[in-house]
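A.B. asks: Chains as they are written, first to last, in the numbering used here: chain A, 63 to 293; chain B, 6 to 117.
In short, the hints are calculated from the structure, not lab data. Beta carbons: idealized from backbone N, C-alpha and C, even for Gly. Any given hint might turn out to be false.
[Claimed, not checked] Which chain A residues face chain B? A few, computed with CB under 8 Å, are given here:
| id | residue |
| --- | --- |
| 1 | 216 |
| 2 | 217 |
| 3 | 249 |
| 4 | 251 |
[Unchecked claim] With a straight-line cut-off of 30 Å between C-alpha atoms, the simulated DSSO-like cross-links for lysine-lysine are:
| id | chain 1 | residue 1 | chain 2 | residue 2 |
| --- | --- | --- | --- | --- |
| 5 | A | 239 | A | 269 |
| 6 | A | 239 | B | 9 |
| 7 | A | 286 | B | 9 |
| 8 | A | 286 | A | 215 |
| 9 | A | 215 | B | 9 |
| 10 | A | 215 | A | 68 |
| 11 | A | 64 | A | 269 |
| 12 | A | 215 | A | 269 |
| 13 | A | 239 | A | 286 |
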Amino acid sequence: MKVSVKRNEVFQEFEVPREPSQTVLDVVTYIQRRLDPTLAYRYACRVGMCGSCAMTVNDVPRWTCRTHVDRVLENDQITLAPLRNLPVIRDLVVDMREFFDKWARAKGEFHGRLSRHDQFDAVRPDSPPRQQADAGIECIGCGVCYAACDVVKWNPDYLGPAALNRAWTLFNDVREKENLQRLRAVAGDAGCHACHSHVSCTERCPKHLSPTRSIAGLKREVAKAALRGDL
Amino acid sequence: MTYKSETMLWLAQRASAALLAVCVVVHLVTIVYAVRGGLSAAEILERTRGSMAWFAFYSLFVLAVTLHAPIGLRSVLGEWLGWRGRSRDVVLSLFALLIAWMGVRAALGVFA
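In isolation and in its complexed conformation, chain A is listed as follows (with noise of 0.2 Å):
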C-alpha cells in the first residue's frame, strides 16, 4: 500500500507492505524502523488505554493503535497526519500541553469533601448521578474529540470536549466538594456554552463516549445555577 505522512507541511510518499491483521500503528512503527529512522511519532500502550497514538488518518481523528488499515484502506493508500488543533512538535507528535492545561482549567482534579478520619462515602453503582459519572468516566485523554471539534478551531480558548466531559464526571461524583467553583469554571464562551452541539467528538470518540451529553448536562447545571443566583 501507498502511505502519505505529513511532514512539516508536507507529504511524504512510503510503500509499506500489507500484513493480516495491521493496524495504522503498525505501519508507521514499519516506516520508522524499516524506511526511514527519523520519523517521529508517539505511542505507549499499543492496546487502546494509553490515548497517545492518536493521529489524523484519512483526514478523520483516531486512536491508530486500534485502528485496523482493513478499515480505512482507500484505493491502497493511507495518509497520515498529526492531530488536528494543536500545535505540532515533529511529524506526527503534536504538543498536548494546552489540552491538558484545559482538563486543569475546567477544574479536572478531584477535591474530597471528607478526610481520612472519616467513613467512607457509599456510592451506589446504580444511583443516578454515579451512573451519568460512568457514562463518560472512561475517557483516556487520546484528543480525538479535542482535533475532531470544530469549535475548538474556531475559538482557541474553547476547553474542548475532553475537558468538559471529565468536568462533568467530577460533578457527579457525590464525594466531590467543590462543584460550584467548578460550574463557574466552565461556564461562558470558553466552557460549555460555546458548544454548538455538531456531536462530532461523540462520532469520533474510538471509546464511544458521548462528551456532547456530558458538555449539555453542564450547561443545564450552570443554567440551574445561574437561575437560583449561585453562579
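Following the hints, complete the assembly by docking chain B onto the known chain A.
C.D. replies: Chain B alone, transformed into the frame defined by chain A:
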C-alpha cells in the same frame, strides 16, 4: 464579559428561541390563512389597526428577535471573524437597539 453575563446571554438566547418557535409559526400560518383569497394593503390595515391582542403578540415577537439575533450574531462574529471583546458587544448592543426600533415602528404602524 464575565462568565455570569455570558451564561445569562445563553439563557436569553434559548428562551428567545423558544418564543420565536411559537411566534414564527403563528406569523406564517396567519399570513397564509389571511391572504388565501388575495388582500390589498388597505384591507390588511383595516383588519389589523386597533387590535391590541395582535399588537401585544407582535411586540413579544419583536422582543424575541431583539434578544435572539444579536446574541447569535455575537457567536458568529467571534468564531468566523475572531471579533471578540468590548467593541463587538457595543456594536451588537446598537444593533439590538436598531432591531427593536424597526420592529416597534412596524408593529405600531400596522396595529396601533
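A.B. asks: For each hint, tell me whether it holds in the structure or not.
C.D. replies: Hint by hint, here is what the structure shows:
Because the closest C-beta pair between residue 216 of chain A and chain B is about 4 Å apart, less than 8 Å, the hint holds. Because the closest C-beta pair between residue 217 of chain A and chain B is about 6 Å apart, less than 8 Å, the hint holds. Using the Cβ-Cβ criterion of 8 Å, the hint placing residue 249 of chain A at the interface with chain B is satisfied: the shortest such distance is roughly 4 Å. The restraint placing residue 251 of chain A at the interface with chain B holds, with a minimum CB-CB distance near 5 Å, inside the 8 Å limit.
Simply put, residue 239 of chain A and residue 269 of chain A have alpha-carbon atoms about 28 Å apart, close enough for the 30 Å limit, and the pair holds. Between the alpha carbons of residue 239 of chain A and residue 9 of chain B the distance comes to roughly 21 Å, so the proposed pair stays at or under 30 Å and holds. Distance check on the hinted pair: residue 286 of chain A and residue 9 of chain B sit about 12 Å apart at the alpha-carbon level, within 30 Å; holds. Between the alpha carbons of residue 286 of chain A and residue 215 of chain A the distance comes to roughly 29 Å, so the proposed pair stays at or under 30 Å and holds.
Distance restraint check for residue 215 of chain A and residue 9 of chain B: the Cα-Cα separation of roughly 24 Å lies within the 30 Å cut-off, and the hinted pair is therefore satisfied. Restraint check for residue 215 of chain A and residue 68 of chain A: satisfied, since their Cα atoms lie roughly 19 Å apart, inside the 30 Å limit. The hinted pair formed by residue 64 of chain A and residue 269 of chain A meets the criterion: a straight-line CA distance of about 28 Å does not exceed 30 Å. For the given pair, residue 215 of chain A sits about 22 Å from residue 269 of chain A by alpha-carbon distance, which is consistent with the 30 Å threshold.
The straight-line distance between the Cα atoms of residue 239 of chain A and residue 286 of chain A is roughly 18 Å, inside the 30 Å bound, and the hint therefore holds.
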